[in-house]
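Number of protein chains: 2
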Amino acid sequence: MTVYAAPLDDIEFALRIVGLDEVAKIPGFEHADWDTVKDLMGEYGRFVADRLAPLNRIGDEVGSYLDPSVGHVVTPEGWKEAWRDYVEAGWTTVSVPAKDGGGGFPGLVGAALAEMLISSNFAFAMCPGLTRSAAATLAQWASDDLRAKYLPKLVPGTWTGTMDLTEADAGSDLAQVRTMAVPDGDGTWKVTGNKIFISWGNHDMSENTVHLVLARTPDAPAGTRGISLFAVPDRLVGANGEAGEPNGVVCVSTEHKLGIKGSPTCVLSYENSRGELVGELHRGLKAMFTMMNESRIGVGLQGLGLSERAYQKAKEYAGERKQGRLPGDDPSKTVLIGHHPDVRRMLTTMKAEVEAMRLLLFYTARVCDMAADLPDGPDKEAASRMEAFLTPIAKAWPTDTANEVASLGIQVHGGMGFIEETGAAQFYRDARILPIYEGTNGIQALDLVFRKLRMDESEPMLQVVAGMKEVAGRLESAGHQAEAKVLTEAAEVWTSSARWLVERFMSQTLDVMAGATPFIAMSGLAVTGWLMGKQLLASDAAGGDKAAAARVVTASFFLTQVLPRIGGYVGAVSAGIDNLLTPEVLGVES
Amino acid sequence: MTVYAAPLDDIEFALRIVGLDEVAKIPGFEHADWDTVKDLMGEYGRFVADRLAPLNRIGDEVGSYLDPSVGHVVTPEGWKEAWRDYVEAGWTTVSVPAKDGGGGFPGLVGAALAEMLISSNFAFAMCPGLTRSAAATLAQWASDDLRAKYLPKLVPGTWTGTMDLTEADAGSDLAQVRTMAVPDGDGTWKVTGNKIFISWGNHDMSENTVHLVLARTPDAPAGTRGISLFAVPDRLVGANGEAGEPNGVVCVSTEHKLGIKGSPTCVLSYENSRGELVGELHRGLKAMFTMMNESRIGVGLQGLGLSERAYQKAKEYAGERKQGRLPGDDPSKTVLIGHHPDVRRMLTTMKAEVEAMRLLLFYTARVCDMAADLPDGPDKEAASRMEAFLTPIAKAWPTDTANEVASLGIQVHGGMGFIEETGAAQFYRDARILPIYEGTNGIQALDLVFRKLRMDESEPMLQVVAGMKEVAGRLESAGHQAEAKVLTEAAEVWTSSARWLVERFMSQTLDVMAGATPFIAMSGLAVTGWLMGKQLLASDAAGGDKAAAARVVTASFFLTQVLPRIGGYVGAVSAGIDNLLTPEVLGVES
Chain A
0 MTVYAAPLDD IEFALRIVGL DEVAKIPGFE HADWDTVKDL MGEYGRFVAD
50 RLAPLNRIGD EVGSYLDPSV GHVVTPEGWK EAWRDYVEAG WTTVSVPAKD
100 GGGGFPGLVG AALAEMLISS NFAFAMCPGL TRSAAATLAQ WASDDLRAKY
150 LPKLVPGTWT GTMDLTEADA GSDLAQVRTM AVPDGDGTWK VTGNKIFISW
200 GNHDMSENTV HLVLARTPDA PAGTRGISLF AVPDRLVGAN GEAGEPNGVV
250 CVSTEHKLGI KGSPTCVLSY ENSRGELVGE LHRGLKAMFT MMNESRIGVG
300 LQGLGLSERA YQKAKEYAGE RKQGRLPGDD PSKTVLIGHH PDVRRMLTTM
350 KAEVEAMRLL LFYTARVCDM AADLPDGPDK EAASRMEAFL TPIAKAWPTD
400 TANEVASLGI QVHGGMGFIE ETGAAQFYRD ARILPIYEGT NGIQALDLVF
450 RKLRMDESEP MLQVVAGMKE VAGRLESAGH QAEAKVLTEA AEVWTSSARW
500 LVERFMSQTL DVMAGATPFI AMSGLAVTGW LMGKQLLASD AAGGDKAAAA
550 RVVTASFFLT QVLPRIGGYV GAVSAGIDNL LTPEVLGVES
Chain B
0 MTVYAAPLDD IEFALRIVGL DEVAKIPGFE HADWDTVKDL MGEYGRFVAD
50 RLAPLNRIGD EVGSYLDPSV GHVVTPEGWK EAWRDYVEAG WTTVSVPAKD
100 GGGGFPGLVG AALAEMLISS NFAFAMCPGL TRSAAATLAQ WASDDLRAKY
150 LPKLVPGTWT GTMDLTEADA GSDLAQVRTM AVPDGDGTWK VTGNKIFISW
200 GNHDMSENTV HLVLARTPDA PAGTRGISLF AVPDRLVGAN GEAGEPNGVV
250 CVSTEHKLGI KGSPTCVLSY ENSRGELVGE LHRGLKAMFT MMNESRIGVG
300 LQGLGLSERA YQKAKEYAGE RKQGRLPGDD PSKTVLIGHH PDVRRMLTTM
350 KAEVEAMRLL LFYTARVCDM AADLPDGPDK EAASRMEAFL TPIAKAWPTD
400 TANEVASLGI QVHGGMGFIE ETGAAQFYRD ARILPIYEGT NGIQALDLVF
450 RKLRMDESEP MLQVVAGMKE VAGRLESAGH QAEAKVLTEA AEVWTSSARW
500 LVERFMSQTL DVMAGATPFI AMSGLAVTGW LMGKQLLASD AAGGDKAAAA
550 RVVTASFFLT QVLPRIGGYV GAVSAGIDNL LTPEVLGVES
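Top to bottom, those sequences are chains A and B.
Numbering that gives the first Met the number 0 numbers the first residue of the first sequence as 0 and each following residue consecutively.
Numbering that gives the first Met the number 0 numbers the first residue of the second sequence as 0 and each following residue consecutively.
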């Protein structure tokens, strides 16, 4: 049995570094003072550790699958009751804006809670995560009637929500969506088609599910400009506001996946299912992007939460398993493996990367809060630009890195890591979806390079570069020469690689596309290097105590041993399309 | 269904680069001329592709598990017959020395066949691999009687063999072995104890299995110097030389693993099982190390074989799946994903890394042939030193890299990669054992740094460095400035990192231990960088043809986009033990 304990001190530290204090100054967030936030986090951490973490293994072993004999997806034993308790405790509402019926805490606090939720039970956490995104999309785009109909059910988690984008021929390329919505004459629409990869598309934990479905309407223009968004409930909502008759949404099958087996991945079929338009006709993709941007940061948080859990598991094993000895030890002695330098290296890597992910995601959440809730003005606009810039980075870097962390978690366990009962392998399998869904990391890279990097004359990036240089200067003054040097060099190579791309954006588009993935990898390292530099300075200042000393080690380790990877990408960014095998050589027809 | 086609041209090219011609000049290997070798490889490639590759999926889906109702491990449908056909075709004997009853082909040719075998069906391939290692150990260390008893059964594969080292408390630390062997008065021994993680420890594909078991004898000294090696057959061998009565070796259970599910991983119990001493009393570890060194290179080959298969699968998908379009394309068009620069990047990375692994492993196999079969003299001795130096590198780099390749294989498939039916996930799960077994890669790193690097005043490493500089010079002359520069810099940083370690070997042992893993990563890149430089020069020279042009691209890609990762490890090698979290902070008791 894996133990999970919410790392409240680490989370509090990260919240301080990224500036919860400043977020709490935004009008409306005054109640997010430290005492309240710490109490809230402590209580939540206990709940998820006690109630959800023990259900993580059964989610993997049994999974959630369509049971044709009952006609719906059956979740693992205990999950239904856990969801009921989660909803009853009111946990779904904490960071939902007060105007939408929530607790009105900042998204930054929501991010801290999300980390714990995901650490405790990633597959389970997807259900409230999707529900929250669906509610946010309706809150922003739906008519008053629709909001009144659905938000009181979705916000508290009485009903759940899904995102229904993908079809067999429309994955990364949503222009290919074929699901059709036909006007029904009464202002509603009849939706018919098939969607795949719908997480929590069907289940037995709530009495209704609201599907947000991308569909094409008759005579709509071709491509993505002809796609609209519809709210399609699993059961029609009666005059009393409660779930009534089935609405023709059928779960045809569920997938057998590498991981996150507790989260049912459904093939859904709609036949004349009644749907209501969300937002404007033909502007469905715009509405869906609200949901997708929030979800992208949510996927980054999944990388963080999973990594923290994998780290805790590996650390626990290193403190239990005896094997070998250190030079000079009595040959008859065996030591706990956590004494071996290479095991310490693996655990330090995991811990440092977890801390870096946390800072990146919390910082992004803070920027999102400022973009959403600052009073109108240049600060809000700057935050909005920074949010756009950081979103692909906050999705890609933590998800790629989570796979590294989970792999190290297996390696710490040695042969036992390969045995499923140990549990380390589950995190490794679960993590593998992260670089794929909500826009593959390759797509994040294109988003960063082609949309985000160039906008506003690269202002957000230049701001991070300035931050890196400022932190490097302070590190230098504080006697951290090696760390300062790496950070300064990182700022330089990142800047020059960006310049190379920006200059060729129009003239050598394919070369720029070829360099996008190494560039986003550089970007993740640069931003986290900057933030871990802040950690080093803050922990230095804290001085003395054990936790601060450990944070000095992990920050220094990150800067001197992880950040230098950035140099390995420089050649790759600018190598160009001709340094890649051609489709012809790869046997790909034209 | 995954298609596998033996990459005969690529294998032939690699054999030329590493010098099959020179191996064929060694007395006894004259029959390994190109015509013969190419015929052999062609026939073998067809056999494994037709007969074994289609059985790979069922090995994963059904697996090999102990069936308590029949009292033994049951292998998946079709595997027994495939093994029978493999044995009948004589494939187990090809590269076994003629004096031991084999075909007497060089190990280099054996390595080429092993790659294809593993690509076709990794879990299945472990059975002949272990059998071959067991036979080689007996051939080298056992008495004439024992050799006469077992080799005629093991070499052709009539019986199979296992390596029985690990116990619950003796994994990486074999000093803790507790299995006991007590003299029986008639020259044999009674072996009693338990072993875990015994691959192919029990199965239904052959009528007998010979276990090579590490055990302690009464009054033996403590630690590894008190361990002896015993041959313990599953069934006692009758006077007629055939398998007779059971020998008290019981398969207690089989493990549920992350991957290689077709290969049964057994817990074996021995109770007064009759065993015969192999080699000298108390020198069992020395005899076992023969087997382990060969097995370590064998595990490197598993990394190669698995990566080639994962590459073929991803390439196939990239030529079938349509999604999106390129800049400037008609918006209504969709293209095969192999046209997208980022997919080309992933496939090029996979292909380049496969080629680099192949060169490293074939080169190591060539060196092993020279060490084993050259006439006595300085060349043989130099080859022996190079073999010792390359072995940990040839185990660690391809196995770490195979995990990267298999992960990219999933990523190319997008969401489908996460669905088990697609098959890409199997390679990813299978690959994860490689950095763990036969000595974790952390142990390979310690072996490299503490034993191999310093011996003979680092002569083998200096020889590789000289090779890198020579190749860099030729690349420079041939107009490959960028590649020459990276290779030269790689030689420099590798050398200076090695010097840092060598100078601190005695005085700062823990610092050296802390730097071992980044150093072996550097070493893998340096050696493969050198060999890929040779590939670039040779392919340049070949000119004109399509295959040569593709090899120029992958070699250039490797040198300019993969090899630069070496710089990212420089700081890590010399950061020292104090840059790692302490056991105290990690919660590890002293």
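Hints were generated in silico from the structure; no laboratory data involved.
Source: prediction; values computed, not measured.
One should not assume that every hint holds.
Copies of the same chain look alike in the list, so a pair counts if it works inside one copy or between any two.
Said to hold, decoys possible - Calculated cross-link-like contacts (lysine-lysine; reagent style DSBU-like; alpha-carbon spacing at most 35 Å):
(1) K148 - K321
(2) K37 - K332
(3) K148 - K379
(4) K321 - K332
(5) K189 - K332
(6) K545 - K189
(7) K285 - K545
(8) K321 - K98
(9) K468 - K379
(10) K484 - K332
(11) K468 - K484
Here is what the structure says about each hint:
For the homomeric pair K148 and K321, neither the shortest alpha-carbon distance inside one copy (59 Å) nor that between copies (39 Å) is at most 35 Å. In this homomeric assembly, K37 and K332 never come within 35 Å of each other (Cα to Cα): the closest approach is 44 Å inside a single copy and 54 Å across copies. Only within a single protomer do K148 and K379 lie at most 35 Å apart by alpha-carbon distance; the minimum there is 31 Å, versus 83 Å between protomers. Proximity of K321 and K332 under a CA criterion of 35 Å is satisfied intra-copy only: 10 Å inside one chain copy versus 60 Å between copies.
With identical chains, the CA atoms of K189 and K332 are at most 35 Å apart between copies only, with a shortest distance of 28 Å across copies and 73 Å within one. Taking CA atoms no more than 35 Å apart as the test, K545 paired with K189 passes in neither setting, with 62 Å inside one copy and 54 Å between copies. In this assembly of identical chains, the alpha carbons of K285 and K545 never lie at most 35 Å apart, being 48 Å within a copy and 45 Å across copies at closest. Taking the shortest alpha-carbon separations for K321 and K98, neither the intra-copy value of 55 Å nor the inter-copy value of 44 Å comes in at or below 35 Å.
In this assembly of identical chains, K468 and K379 lie within 35 Å of each other by CA distance solely inside one copy; the values are 24 Å within and 55 Å between copies. Taking the closest pair of Cα atoms, K484 and K332 never come within 35 Å of each other, the shortest separation being 42 Å inside a single copy and 49 Å across copies. In this assembly of identical chains, K468 and K484 lie within 35 Å of each other by CA distance both inside one copy and across copies; the values are 10 Å within and 29 Å between.
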